[in-house]
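Protein chains: 2
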Amino acid sequence: MALENSSAPATAYAQPEIDVPALTAVLDGEYAGIRDLVRGNLTTYSSILDEADELGIDAYRERVREVVVKMAATGQTGMGFPVEYGGGGDVGASIAAFETLAFGDLSVLVKVGVQFGLFGGAILHLGTGRHHEAYLPGLITGELMGSFAMTETGHGSNVQALGTVATYDSATGEFVITTPDDDARKDYIGNAARHAELAVVFAQLEVDGRSQGVHAFVVPLRTGGRTAPGIRIEDDGRKMGLNGVDNGRIWFDGVRVPREALLNRFADVTPEGRYESAIDDPNRRFFTMLGTLVQGRVSVAGAGTSVAKVALTVATKYAARRRQFGAGQGSEEQVLLDYGLHQRRLLPLIARTYALHAAQDVVRTQLHEVFSGLSGIEGDARARRRLEARAAGMKALSTWHATRVVQECREACGGAGYLAVNRFAALKGDSDVFTTFEGDNHVLLQLVAKGLLTDHASEFEGLDQLGMVRYVTGLAVETVIERTSAHKLLERVRDLLPGGDDWDREAGLLDPEYQLAMFRFREEHLLAGLARRIKRGIDQERAAGAVFSQVQDHVIALARSHVERLVAEAFVDQVRALPEGGGKAALGLLCDLFALSAIEADRAWFMEHGRLTVQRSKAISREVNDLCRKVRPLAVDLVDAWGVPSAVLRAPDLVG
Amino acid sequence: MALENSSAPATAYAQPEIDVPALTAVLDGEYAGIRDLVRGNLTTYSSILDEADELGIDAYRERVREVVVKMAATGQTGMGFPVEYGGGGDVGASIAAFETLAFGDLSVLVKVGVQFGLFGGAILHLGTGRHHEAYLPGLITGELMGSFAMTETGHGSNVQALGTVATYDSATGEFVITTPDDDARKDYIGNAARHAELAVVFAQLEVDGRSQGVHAFVVPLRTGGRTAPGIRIEDDGRKMGLNGVDNGRIWFDGVRVPREALLNRFADVTPEGRYESAIDDPNRRFFTMLGTLVQGRVSVAGAGTSVAKVALTVATKYAARRRQFGAGQGSEEQVLLDYGLHQRRLLPLIARTYALHAAQDVVRTQLHEVFSGLSGIEGDARARRRLEARAAGMKALSTWHATRVVQECREACGGAGYLAVNRFAALKGDSDVFTTFEGDNHVLLQLVAKGLLTDHASEFEGLDQLGMVRYVTGLAVETVIERTSAHKLLERVRDLLPGGDDWDREAGLLDPEYQLAMFRFREEHLLAGLARRIKRGIDQERAAGAVFSQVQDHVIALARSHVERLVAEAFVDQVRALPEGGGKAALGLLCDLFALSAIEADRAWFMEHGRLTVQRSKAISREVNDLCRKVRPLAVDLVDAWGVPSAVLRAPDLVG
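If you read the protein sequences in the order shown, they are chains E and X. Its first residue numbered 1, the first sequence is counted upward by one per residue in the numbering used here. Its first residue numbered 1, the second sequence is counted upward by one per residue in the numbering used here.
In isolation and in its complexed conformation, chain E is listed as follows (with noise of 0.2 Å):
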């Protein structure tokens, strides 16, 4: 396709020139002080990275906790929590911190996201004065450490049906917590093998024999070091990767904590053993709990994006300077990364990575300004819902494409790549399991599908199939299937794009609202197949989980569109804003090369629904070709303004 005439614009195209601080300074945004401070605290303790291979697993685990607590007190790691108990205050920072310290050790950095994110976060939003006054100052500075006890092993992702119970004991004003079966263990439970005192347990509540639902308790783990009574701790031991962090199992045999231990900022239980709760619906009240969840899945994503930034930074370095081959025997060997094959690998990879922390920077920014002043978890419940499949949607496609970078710079940088000296190795290991903790990826997205089903009418809940069903089958279906029409986005196109119903094939694809058109069309219209084809099964009276089953890939699909529209909205926004000049003009190339690419990998669909020709389709492929060999001069520059530290890349075969 390479050999076509390009279908760029016969004017000059003028290469664009990078100012690397400069562009820093833009990504970094109203961050930039945080993000700086983590990055010397990355430089300071690089040696961890070392360690990690050296160490054995105790030490390790020890160096990692205590590379903790050393980060905790540049104030770093408490900035999501009141200034009143020690914290930083602001929400978004701290998520940016976290962002920035995936560029690190990522054991460091989920052992962080344990303590301050699950733990501090189940204390700060779950807990009332008597909890925060308690733990949060201790907990803000490392010196106490805790567990976020809520996945078992035999339910990870339906957590509403957890086996853990916790019955109120009215004669003694206790809950006496029970782990009925070892598929109710609790599992992969970080810092509680080793590290921590205290657990948020999540059990079913009894109260005078009624089952109100999954609760949060304060229950202490081990006192002194010892394991406290009533409490068996099994060790998850070594995992593919994440070995700093201390996994645990753990096992309650009638443990014994005080009714002031239920964390009771909705819901409460009076010494007398009656339940209180100003949320009436058990299922609301679950998913008003879950809501500390959003923050995790938040900072996951940002952490996926980074781990991106790092392969591709040294993945790009290495490409532009190896060279291998050459045009003939005797002739110097050529630079990989002017090879075309080696730029489709790279490049696009890096514009979709741009792509996603301007999405990133969005998805902040409204978890910022629903937590802020903790008045958000109350509020504007609609604004909450839609920062719930935000959130979710992004920490799926973030963590699926930092897996598909780090694989595919792994390969691209050979032999040397798979050398533990080199970063891949921990890279790869450490970061596989972002796509199944704080949500599988494949139920996140199912998730963000049923909020655009219901149009975020009903609670963020679970998957429960019958209350799915129970809102498509509703108004909501019609108003979806209304809504989604081709004739209402030609409407919303017509002032943008020229062409009216033949918008697909007059505008130029260089244009954004063109590009912003295509992942809008296939989004609405998935939705509105999805709509009608729930509601057919529905119709001829077919079970509900059948039904389900079967549309589940519709529902995957639908949901993918969703977020790389929201990502492409990003991206563009992001760009328009700048002020003209060479990073402006580098990121456009980059947002198109995002915007193409992503639509060229489905270009099946876009035939199949009748929205590209194939004469279009071929000229998007020759088209990315085309900036591909734009980009190529400007990659590393791109890649520097990331700004992971140079004392991180730890791939000293591979950047020199």
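Source of the hints: derived by calculation from the structure; they are not laboratory data. No residue lacks a Cβ here, since even glycine has one placed at the ideal position from N, Cα and C. Be a bit skeptical, because a hint or two may be false.
Claimed, not checked - Below, a list of computed lysine-lysine pairs in the BS3-like style, where the Cα atoms sit at most 25 Å apart:
no. : chain 1 : residue 1 : chain 2 : residue 2
1   : E       : Lys535    : X       : Lys618
2   : E       : Lys618    : X       : Lys618
3   : E       : Lys317    : E       : Lys584
To be verified - Derived list of chain X stretches under chain E, where covered just means 3 residues or more per stretch with a C-beta under 8 Å from a C-beta of chain E:
no. : segment
4   : 21-34
5   : 173-180
6   : 270-277
7   : 402-410
8   : 433-439
Said to hold, decoys possible - Here's a subset of chain E near chain X, in silico, CB distances under 8 Å, partners left out:
no. : residue
9   : Tyr13
10  : Gly163
11  : Arg321
12  : Gln324
13  : Gln334
14  : Tyr339
15  : Glu411
16  : Val421
17  : Phe424
18  : Arg632
Fit chain X to the given chain E structure using the hints.
What follows is chain X alone, placed relative to chain E:
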């Protein structure tokens, strides 16, 4: 799509039943005996899978060596060597043994590959009687460990440009071997860091001031455990995986070896210093020597497929018993494998693994025929080149498949899949480098495409671009364009498919002739298109390097299509040859699932090139869904039939 009517025929569909041992016998084929010997050995030494996690790197390496030597004593690793030196005299059996060994610890596998395949293979195929007598008996038992020192830090793929030099000194009758700079140090060399006493060293031979190209020399690395004078060895250290193999770097500083150290099957130096070879052309000589590598590529191809089998066995068994979510609150949760999405994730991968198994049978048989009696390497050059192309292509597709399967299966097993006690951590880290070693996959596919462009008329050489262009601009390209016209394809399908010019619209989707015609059409169209593009570039007098760089993605697409066509043909042939019964019916479903999901994955291309209408493309997706539902009840039997010993599944949390 799943709610539409299936395109399956209206006649009653009878679900086939599988006799698992009978299907295993079909898959094991003529090598059932050696495969069962290896299965027994894997079970005997299955503790190595735990030891890999528990032992330090030094102890693990020693243990791997020990297991390799003990397995050698059972005869499994020496099958490829002549009987008179203690081998089994059966090349095909040696590959089958290696394939089966890949069910177990992959450090053991790779150490076997280094010792018996690379080092032993070089002595056998490049050496002559004096080398065979001196080394084969010791190396076959594993007592004499050796290295295959080809790759250098600066040259992994372009080995014709190696930097190590061997200068003949006629005064002493010795070769003097020198590493001129760090780029020329030998790197990633298995057995080098610890166990090798000898190495086969590839170096530029200089005789009387004249360079004769790369040749191989037997060089002592250690005597009595001490590094030989003039040699420096450095440990490559920890790797992403395969840490039971002691990879290292080697520098030579004027190391002297006697004239007889030259492996002189294809070239020799007389005592007086005259260079002699029966093969005049230096290129042909070099690539004849490299013929030893073909066995390694066939072996790694088979190992990749075996890795996929292990991962799919674990993930399928887990998916058939793990429950998560239900049709509604209170109802029993649903088995993962009953979800349409989960079927879509796993079952096409099972089908592709079966297809690759069938194709591996073909390439193993070809290898056996070419190499049996040791005549092959000098025998029919054309057959050898076709074998080399097929081996290169199979190695690339099979190892990428393994990487993809391991990743998908790990994610499908959630958090449990991340624990080292289950097998994915080791499988993933250990098999990752398969895509790189024994030839980088992208480089191998370029070699495959070159063979197609030149109709295997040229030597199977490197990616010398001028050489390639020379062939292509000559007779070959015209022949290719003529041979691959749509007209010719049509002639060939006319007798097999109804519909004449409209064969691609009329034939049934489940007709294997239709499926094969689609694969063939794609390959021939890509080949003709690529030939035309190169010719056009040359006609425009563009630099060969630029032309080549810009068509590289076509080159890769062509090679993939070619190999996928070979795989499809092998699978169709295998199924056709089976006796009627449940096994044939089950493999027939898998064959359809493989072919249609491969066409579906590339349906954009088929639509762009007029061979798939939108309606038919959608029908293929529906058919794939339908096939998944039919294969689902057979899934556990299908993975059991691969015969992965239960002792090496090592996934207690996943398969019980």
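The hints, checked one at a time:
no. : hint                   : result
1   : E:Lys535 with X:Lys618 : holds (20 Å)
2   : E:Lys618 with X:Lys618 : holds (21 Å)
3   : E:Lys317 with E:Lys584 : holds (23 Å)
4   : 21-34                  : violated (count 0)
5   : 173-180                : violated (count 0)
6   : 270-277                : violated (count 0)
7   : 402-410                : holds (count 3)
8   : 433-439                : holds (count 4)
9   : Tyr13                  : violated (17 Å)
10  : Gly163                 : violated (12 Å)
11  : Arg321                 : violated (11 Å)
12  : Gln324                 : holds (5 Å)
13  : Gln334                 : holds (6 Å)
14  : Tyr339                 : holds (5 Å)
15  : Glu411                 : holds (5 Å)
16  : Val421                 : holds (6 Å)
17  : Phe424                 : holds (7 Å)
18  : Arg632                 : violated (11 Å)
Violated hints for the displayed structure, listed by number in ascending order: 4, 5, 6, 9, 10, 11 and 18.
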